[in-house]
Structures are given as structure tokens and as C-alpha cells.
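Generate the whole structure from the sequences, applying the supplied hints.
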Amino acid sequence: MTTFRQAGLILLIAVGLAGVTAAVHPKRPAFVAPPTDPNQLNLAQVQHWAGTVLWVDARPDAEFASGHIPEAVSLNFENWPEQFPKFLDLYGPDRQVVVYCSATSCQLSREIAEKLRTSGITNAYFLEGGWEAWKQAHP
Amino acid sequence: MRLSLLLSLFLAVPAFAQLKWETTEQSVKAKPGDHEIVATYRFTNTGTTPITIDNVHTSCGCTTAALAKNDYAPGESGQIVARMDIASRTGHQEKSIIVTTKENAKSPTVLRLLADIPEPIVMKPSFVMWTIGESPTPKTIDIKVTDGFPIKLLKVEADNPDIQLEVSEVRPGVELQVKVTPKDTKRPESATLLVRTDYPTDNPQTYYAYARVR
Chain A
1131 MTTFRQAGLI LLIAVGLAGV TAAVHPKRPA FVAPPTDPNQ LNLAQVQHWA GTVLWVDARP
1191 DAEFASGHIP EAVSLNFENW PEQFPKFLDL YGPDRQVVVY CSATSCQLSR EIAEKLRTSG
1251 ITNAYFLEGG WEAWKQAHP
Chain B
23 MRLSLLLSLF LAVPAFAQLK WETTEQSVKA KPGDHEIVAT YRFTNTGTTP ITIDNVHTSC
83 GCTTAALAKN DYAPGESGQI VARMDIASRT GHQEKSIIVT TKENAKSPTV LRLLADIPEP
143 IVMKPSFVMW TIGESPTPKT IDIKVTDGFP IKLLKVEADN PDIQLEVSEV RPGVELQVKV
203 TPKDTKRPES ATLLVRTDYP TDNPQTYYAY ARVR
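Heads up: the sequence lines are chains A and B, in that order. The number in my numbering is simply the position in the first sequence, starting from 1, with 1130 added. The number in my numbering is simply the position in the second sequence, starting from 1, with 22 added.
Worth flagging that the hints you see were computed from the coordinates, not collected in a lab. Values in this document were obtained by computation on a predicted structure and should not be read as measured data. Glycine included, C-beta positions come from ideal geometry on N, C-alpha and C. It cannot be assumed that every hint is accurate.
Straight-line distance between alpha carbons at most 30 Å, and here's what the computed DSBU-like set of lysine-lysine pairs gives [to be verified]:
1) B/Lys91 with A/Lys1216
2) B/Lys117 with A/Lys1216
3) A/Lys1216 with B/Lys124
4) A/Lys1265 with B/Lys117
5) B/Lys174 with A/Lys1216
6) B/Lys42 with A/Lys1216
7) A/Lys1216 with B/Lys166
8) B/Lys174 with B/Lys161
9) A/Lys1265 with B/Lys128
10) B/Lys161 with A/Lys1216
11) B/Lys91 with B/Lys128
12) A/Lys1216 with B/Lys146
13) A/Lys1216 with B/Lys128
According to the in silico footprint, chain B covers these stretches of chain A (three or more CB under 8 Å from chain B) [said to hold, decoys possible]:
14) 1134-1147
15) 1175-1181
16) 1246-1252
Take a look at the structure:
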């Protein structure tokens, strides 16, 4: 009985200490995953749109030139004034715009999609995993 | 003997190299006319051994980070200067600069650059569209100069006579309402709306909005 009591006491102390650590430790992990951006899509979601997707490559021109998703259009902050009208010539109300950049850590696709939405292209999304994810799915 | 060994173990000062940063986060607000944002991150090697910064990379191709040299003696200070190209970026921007040292390769320091870039002129929206056969009803673009920018809106014109504009001044020179109407929507049409300004005086800028029928 004493052994059980001691074990219970140790467990109680451990749980208490863990609770305090979880509450005050500066590097404690988040209990709840950060909310996903509603404008972020994965490849499986994009594939539902099949031929209606207008791919937008947000990477710098040199990276676009070295390889991109077939029929993607280049649109980046550095050349926005020249590239945006060209993008509009391909855009139509029946097309879903999906922006990508190099990989998951890249923020450019999110930023370009946001700029497109504020410009009036309401159906602009960005691809989770970016160009790397697309390449992995299309070896 | 044992006691002295134990004491020496406890009292020995371990050799270590460590960078202490003045700040790892900088907030910068761009001013009218700025083409880049510059932030400086100062550090000191507060350790007891030399330290080598062997890698500095940024989260965006738009940002560079310059370091004068790689090796820093104990007590020596240095700085990393980050420069972000504004280009067509506007609004709140967050970029990271990741600094890795040879001595602590698995724990890089992440420096954050928070930039606020005001847009000289806000157009809501900057693109209007009609589908073929849709009723050619007017669509409105609101154009406004952002507070703090010494810009005067002079004129708005379209480069295609089949897209008509009706411009009304909400506040003269600083806020306009433009009603855009295609003559008809029977065939595809394309127009660029040119928003003429008087700023900067030596090379006045034109801003663009777009209309399409498709």
C-alpha cells in the first residue's frame, strides 16, 4: 500500500512540475496547431480543379526560367508592373488562381496571392509545399 | 585528492563562445520614396573563446544580409546589415535572417525584420472585369492618396475608347471615384487605366488599373 502511495505521490509531483513547465517555459510547444490560412491549398485540393487552374509562379525570374509548372505564368514583386497585365490576359472568371514559390518556408506565394486578392482577383490561393511539392508529385 | 578534483570540476570556468545580440527583431517603417529598407543587428561575443559566423542566409531573395567578417574574438562586437528591396511590396512584411555559428551549428539565431511599407496610392480594386454577354453595368474603382504622401491626382484616362470612364472627385486631388463601363460586352476588350499624378516633381509617376471583358 505504501509503495502505491509513494508511486502516486511521485506521479502527482511529476504531473505538477510538468504542468508548471508547460505553463511558464519560454520554449513550451503549442498545444493547439496554428490555424491554417483558408487560402492555402494542397496539391490534392488543387487537382480537383484540373484544367481550370491558372498557375502563378512567384519566384524570381531566374528560378522560373530554370523550371516551372507547365503553363505557369511568372508574377513577382520585382516585375509586377510588367507581369500583372500579362497575367490578366490569361485570367478569366472560370479560372482558379494558385500561386506557388519554392517550398513550404517560402512566403512569396502567400504574399502574391494576397496582393492579387486586394487587386480584385478574389479566387487567388497559394500552394502548400510550393514548387518542391509539385516536383515530388510529378517526378 | 578526491576533494580537490571535485572542487576543480565545480570551479573550472568552461570555455564557451556565445553571441549576445542587442536585439533580434527590428521594426522599420518605409518612408515615401524609399526603395529599400535597412536594418542593423549588432552583436558581441560574450564568450571566452573566439566565434566564427559561418552562415548567414535570408528567408527571401528580396533581402540581403551583409557581415564585415566571420571571426570574432571574445569581447569583440560586430553587426549584420540587412537590406530589403521594396519593389512592388506594400503593407506588413516579415522577413528572417538566419545566422549560424561554427561553434553552435545546431542552434541558429533567427533575426526578424518587420517592415511596414505604405502604398502611395490605394486603388480598390485595381482590376474590374465583365464576362462576355454580361450586362455592361458600371463598376467602381476608388482611388485614394495615402496620408503623408505629397501626391496630387491629376487625371485618369483609359487607353481604349470602348471602355468609358466617369471620374468624380471625392476630395480634390487626393480621392477619386472612377466608374468604368464597357460600351458593350459582345466581344473581349482590354483597357489600362492611367492614373496621372504630379509626384515626384522631376519624374511624375503614373499608376495603373485594368479593365477586361472576356
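Now the hints, each set against the structure:
{"no.": "1", "hint": "B/Lys91 with A/Lys1216", "in the structure": "44 Å, violated"}
{"no.": "2", "hint": "B/Lys117 with A/Lys1216", "in the structure": "28 Å, holds"}
{"no.": "3", "hint": "A/Lys1216 with B/Lys124", "in the structure": "46 Å, violated"}
{"no.": "4", "hint": "A/Lys1265 with B/Lys117", "in the structure": "25 Å, holds"}
{"no.": "5", "hint": "B/Lys174 with A/Lys1216", "in the structure": "29 Å, holds"}
{"no.": "6", "hint": "B/Lys42 with A/Lys1216", "in the structure": "48 Å, violated"}
{"no.": "7", "hint": "A/Lys1216 with B/Lys166", "in the structure": "25 Å, holds"}
{"no.": "8", "hint": "B/Lys174 with B/Lys161", "in the structure": "23 Å, holds"}
{"no.": "9", "hint": "A/Lys1265 with B/Lys128", "in the structure": "28 Å, holds"}
{"no.": "10", "hint": "B/Lys161 with A/Lys1216", "in the structure": "22 Å, holds"}
{"no.": "11", "hint": "B/Lys91 with B/Lys128", "in the structure": "21 Å, holds"}
{"no.": "12", "hint": "A/Lys1216 with B/Lys146", "in the structure": "20 Å, holds"}
{"no.": "13", "hint": "A/Lys1216 with B/Lys128", "in the structure": "44 Å, violated"}
{"no.": "14", "hint": "1134-1147", "in the structure": "violated (count 0)"}
{"no.": "15", "hint": "1175-1181", "in the structure": "violated (count 0)"}
{"no.": "16", "hint": "1246-1252", "in the structure": "holds (count 4)"}
Violated hints, listed in ascending order, are 1, 3, 6, 13, 14 and 15; each of the other numbered hints is respected by the structure.
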